[in-house]
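**Q** Residue numbers (numbering that gives the first Met the number 0), protein chains in the order written: chain A, 0 to 110; chain B, 0 to 313; chain C, 0 to 597; chain D, 0 to 96.
The hints are simulated quantities; they were obtained by calculation from the structure and are not laboratory data. From a predicted model like this one, the values you see are computed outputs, not experimental measurements. Each hint should be verified, as a subset may be incorrect.
What the simulated footprint calls covered on chain C by chain B, stretch by stretch (three residues with Cβ under 8 Å from a Cβ of chain B suffice, anywhere in the stretch; the number is not a length) [as the list claims (entries may be wrong)]:
#1 57 to 68
#2 124 to 137
#3 150 to 156
#4 163 to 177
#5 199 to 213
#6 576 to 586
A virtual CB, placed ideally from N, CA and C, is assigned to each residue, including glycine.
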Amino acid sequence: MSTATLAGLTGAILAGVGLYGLIIHPDPLRRILAFNVLGSGVFLLFGIIARRGAAIGALADPVPQAMVITGIVVAFAATALAVALLIRLGAQTDPVVTQADKQDLARRADD
Amino acid sequence: MIVQTLDIGLAALVLTLAGYTVLARATFPAVVSYVAYGLLLSLIWVRLFSVDVALTEAAIGGGLTGVLLIGAAGKRRGTAVAATELDPTQPLRWAIMALCALAALALATVVVSLPDPAPTLAPQAMENIATTGLGNPVTAVLIAYRAFDTMLEKCVLVIAVVGVWSLACDRCWGGAPDVPRAVARGGTLTFFAQVLPPLGILIGIRIFWIGADEPGGAFQGGAILAAMWVIIMMAGLTDVPAISKRWLRIALAAGPIVFLGVGILGFAAAGGFLAYPHGFAKPVIIFVEIFMTLSIAATLPMLVGGAPIRAPRP
Amino acid sequence: MQASVAYLTGTDGGFLLVLALVIPLAGALLAFVCGGRQVERVVFCVMPFGLAVALAIALTQRLVGAPLVYLIGRWTPPLGVALRADGLSVVMIVITAVVMGGICSFASADFCTPEGSSESRAPFAFWILLPAVWAAMNTIFLAGDLFTLYVALELLTFAAVPLVCLDGRAETLQAALRYLLFALLGSALYLAGTTLMYGDYGTLDIVLLSQRVRAEPVLFVAAALMTTGLLAKTALFPLHLWLPPAHAGAPAAASAVLSGLVVKGSFFVAVRLWFDVMPHVPASAAMQVLAGLGVGAILFGSVEALRQKRLKLLIAYSTLAQIGYLFLIFPLACPPGSAQLVRDGALAGGMLQAMSHATAKAAMFMVAGLIYAELGHDRIVGLGNVARILPTSVLAFGLAGLALIGLPPSGAYVAKDLLLDAASATSQWWWALAIQAGGILAAGYVLLVIMHMLAPAPGLAAPGPAGSRKHVSRYQEAAALALALCSLLLGLFPWGNYLPLPQGSLSNPLTFKALSGSVWTILAGAVLAISLGRWDFRLNHRPLTRNLLLAFRPVRRTCLGISRINAELDARLRQWPVAGACLLFVLIVFGITLVVAR
Amino acid sequence: MSFAPNLFSIVAIGAGLIFFLAGTCGLLRFPDTLSRLHALTKADNLGLGLVVIGLLPLADNVLAALKLVVVWVLVQLSGATVGQLIAQSTRRNGRTE
Chain A
0 MSTATLAGLT
10 GAILAGVGLY
20 GLIIHPDPLR
30 RILAFNVLGS
40 GVFLLFGIIA
50 RRGAAIGALA
60 DPVPQAMVIT
70 GIVVAFAATA
80 LAVALLIRLG
90 AQTDPVVTQA
100 DKQDLARRAD
110 D
Chain B
0 MIVQTLDIGL
10 AALVLTLAGY
20 TVLARATFPA
30 VVSYVAYGLL
40 LSLIWVRLFS
50 VDVALTEAAI
60 GGGLTGVLLI
70 GAAGKRRGTA
80 VAATELDPTQ
90 PLRWAIMALC
100 ALAALALATV
110 VVSLPDPAPT
120 LAPQAMENIA
130 TTGLGNPVTA
140 VLIAYRAFDT
150 MLEKCVLVIA
160 VVGVWSLACD
170 RCWGGAPDVP
180 RAVARGGTLT
190 FFAQVLPPLG
200 ILIGIRIFWI
210 GADEPGGAFQ
220 GGAILAAMWV
230 IIMMAGLTDV
240 PAISKRWLRI
250 ALAAGPIVFL
260 GVGILGFAAA
270 GGFLAYPHGF
280 AKPVIIFVEI
290 FMTLSIAATL
300 PMLVGGAPIR
310 APRP
Chain C
0 MQASVAYLTG
10 TDGGFLLVLA
20 LVIPLAGALL
30 AFVCGGRQVE
40 RVVFCVMPFG
50 LAVALAIALT
60 QRLVGAPLVY
70 LIGRWTPPLG
80 VALRADGLSV
90 VMIVITAVVM
100 GGICSFASAD
110 FCTPEGSSES
120 RAPFAFWILL
130 PAVWAAMNTI
140 FLAGDLFTLY
150 VALELLTFAA
160 VPLVCLDGRA
170 ETLQAALRYL
180 LFALLGSALY
190 LAGTTLMYGD
200 YGTLDIVLLS
210 QRVRAEPVLF
220 VAAALMTTGL
230 LAKTALFPLH
240 LWLPPAHAGA
250 PAAASAVLSG
260 LVVKGSFFVA
270 VRLWFDVMPH
280 VPASAAMQVL
290 AGLGVGAILF
300 GSVEALRQKR
310 LKLLIAYSTL
320 AQIGYLFLIF
330 PLACPPGSAQ
340 LVRDGALAGG
350 MLQAMSHATA
360 KAAMFMVAGL
370 IYAELGHDRI
380 VGLGNVARIL
390 PTSVLAFGLA
400 GLALIGLPPS
410 GAYVAKDLLL
420 DAASATSQWW
430 WALAIQAGGI
440 LAAGYVLLVI
450 MHMLAPAPGL
460 AAPGPAGSRK
470 HVSRYQEAAA
480 LALALCSLLL
490 GLFPWGNYLP
500 LPQGSLSNPL
510 TFKALSGSVW
520 TILAGAVLAI
530 SLGRWDFRLN
540 HRPLTRNLLL
550 AFRPVRRTCL
560 GISRINAELD
570 ARLRQWPVAG
580 ACLLFVLIVF
590 GITLVVAR
Chain D
0 MSFAPNLFSI
10 VAIGAGLIFF
20 LAGTCGLLRF
30 PDTLSRLHAL
40 TKADNLGLGL
50 VVIGLLPLAD
60 NVLAALKLVV
70 VWVLVQLSGA
80 TVGQLIAQST
90 RRNGRTE
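If we strip away everything but chain A, and leave its shape as in the complex, we get (with noise of 0.2 Å):
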């Protein structure tokens, strides 16, 4: 078995583990993880189809390669809205603790 299929198979793995993990789990943090895990097996199969696609002067095909950097970038964009929502979440859903913790952080940050 190549490294490139070894790699698919991983990635294939990694993508039916994180869905469960989305599906599954009822806190939204846990899901925001198990988005990452999906996004990454996802991107793990472009690994292999760039891997597969070696030529001449190129080790793996450049354009998989590329969208992967895209679809990284675009990934972790959509991890920090999430992980944003979410604090914004918790602090309207738990004013009693968190409102007073944010403004005895906003004191201290202003002194």
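Let chain A serve as the given structure and place chains B, C and D on it in line with the hints.
**A** Frame of chain A, contents of chains B, C and D only:
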């Protein structure tokens, strides 16, 4: 033989960590496991001879996503998780597991049965690379052949920043986001933040610069610069900028704006949108990449920092 | 986009396609840099140019008589990326520009930076996200490459999600988070599909792919992944868990964007995928599955809409039902046993339906927002007297509602006509039945609202808390009315230049048959509204009405029983793990259908 | 490539790996945070140092060798800092588990 064993070991390790990330009971260990997973994943990318991707995965996929998620998990420690969702019932859990396994199996089967020889654009990418003046085909795809996708993705980053900021409370609008701070000033972290960044900035610029010909480029270099800025802010050596600062907005949007502007100038100078003038392609590309690196270095810390939580100072 | 060499070279007027993307993008970026009070002004400056470019594209394509193509950076696919505008793109670009214009003029009153502050949060975010949505939509309509479409879909999602929770309340944040995560799940599946396509055929260019695709397992798995991902993003039943809270919770102008435009983006990609990438792949059985879900959406969404207590939720569930309508075009273009999807009346009908819904639904959400601003609530049973307070708004709602039901000469009327023709031409009576039922159900919930709006209320409607009450501006009412009129008159435009309308297919909307059909639809809808809707005023107990009511009681009881089951089902399906399981189930069933029915 | 540097490399890298192994065992088996940190920093420090020393003779040119050393120095620096931070946080929170 040895190499293959190592590959299998690496794959097994990555799968174990992914399994732990998804299945662990507690959140914090799951996040830590994810960070390790991200780093090992970049080794797989090296094994696939995709060094550019490996760099990006290590810096952004593993590193910055890890910082973001550890920060989120840390912020939630001590506060109760909003239990708005129900746990799935046991039969449903089994059904979902079976369906996921089926989906993974289908993917695996298909991946194994992809055509041989594989279709590839590598020869075409190499043939045309001379007109761009670049040496790294991945950079050529990102900045020339599929420049439009890259430009769009830069805009996605700006929009994501707007989205993250829009989650501030009204009182905090115009204020500064929060970055986890070191406890004691003048401690180890301060020393670290004074020693590392000069070297780190050099490395970041170098990775951006060699990206034209070797693995590296605006994303990877920008991510390292971003990390340096985050460390400096964490050590408290500089303040986190308030989001109302004009220079911050310009730094964030400079990459896509310059890219878009050069693209439009391409109508006049090179006969097409996002086309580069013959013979001058490389300087123009470097010019665009400088601004892109700058914007990435500004955007990633802002995405990590989240919505502003401090009211602006009067 | 039939495969031909011509699609791989640029055409005259191609630069207009670039402008259609660059103008809104530049607007969003400039607004971001300028900030403060400038955000709104920047968008208002950009707006007319965007509209002008949309019209210029339509005109140029009419003159050239063929799709416009632009090769970005002068790189030819498969290495480069092409923009292509066929008839479908043109109509969608034009309608998006029109709806955007309406929303801009509507939102300027709701999202203005208050006096005394240099910049405030909600207006800043709204006026940047609005052109970003526009740019993403235009990219989706024009992109000739499946990966570019992925980036555009992500841009659309990231611009749409913050719109949901601009008010920062916990429940809208919850809705936005669900929307984001489910949409990300969808885009991961879509991306997995594109990988397989690239691995199999070495390109993601739509025209090149259409020449290369063959019916084989890799393609089937890829198609199942991509289609399911897009269904999750479009919120087709049973994957709709995120839509009602997100669309009903957002501010009115944002709801208009989300419901009118954003869901059409992923639907359009599904159309591209099947009609342009894989028209020659035999998939008639899978198309039946797709439309089956569509019918589920129509029945389920409409009944749920009829039972809602709040106007905005009713409109959101109506969107759910109307999305189902759109997916009926797939089996009508690819009847059982057929080996390919044809671009004919069914596709044209689907596009007209999408356009008609975009304008009508935007207008409806605007009116709902105005009513909320005036009354301080949007409970349907408390809408009495609103016709006296806001006559123009109620008129706009009525016209948009008539357009939604599909009365002549609205776009939905022509769409229904075309779809029914296609159903009878391909002898698929069961879909014709669903189309008719959809019209009647739509009439039901529209009439329910209108009856409540016109109903005399005991005393004046209770005004809301003084703080929440804003004076409704005439501009806002005019914007809603304009969009509603646009939807109602959409059927009169000569769409044959852009859409594959069969020759002489458009019947005269003023014939006896057309009008009587409409009357029957309205009557049946009224019966539905009475038997399923919520009513809280009692009719006077004169003997005649009492006997009528007694006779009617079993009907009402049965209807309420059905609706209770429906509500129960909705509560189940909107749980995250159940929706996830449904997604996986749809994925597997769709994939198996594709493989088995080969 | 002559035999001598090869043997040197094998011995050095092997020794480095032993440190890594020991460090990992310590991380997994030691009872409290501070001891675990202790084990971990040994792996970072000596393990990586020995691996780098082993790799030096195999480097193509002086610049590549220099880069290897820089990698080691950077890991030292960040390892030491992170170790300090974790220890501080442990002491502050009064947690040792």
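**Q** Determine for every hint whether it applies to the structure shown.
**A** We went through each hint and held it up to the structure:
Check result for the stretch 57 to 68 of chain C against chain B: violated, 0 residues qualifying (beta carbon to beta carbon below 8 Å, three or more required). Residues of the stretch 124 to 137 of chain C with a Cβ under 8 Å from some Cβ of chain B number 5, which satisfies the need for three, so the listed coverage holds. Against chain B, the stretch 150 to 156 of chain C contributes 4 residues with a C-beta closer than 8 Å to a partner C-beta. That satisfies the three-residue criterion, and the hint holds. Proximity of the stretch 163 to 177 of chain C to chain B, defined as three or more residues with a beta carbon under 8 Å from a beta carbon of that chain, is established by the 5 residues found.
Counting residues of the stretch 199 to 213 of chain C whose beta carbon lies closer than 8 Å to any beta carbon of chain B gives 4, which meets the minimum of three for the stated coverage. For the stretch 576 to 586 of chain C, the stated coverage by chain B holds: 7 residues have a C-beta nearer than 8 Å to a C-beta of that chain, and at least 3 were required.
When each numbered hint is compared with the structure, a violation occurs for hint 1 only.
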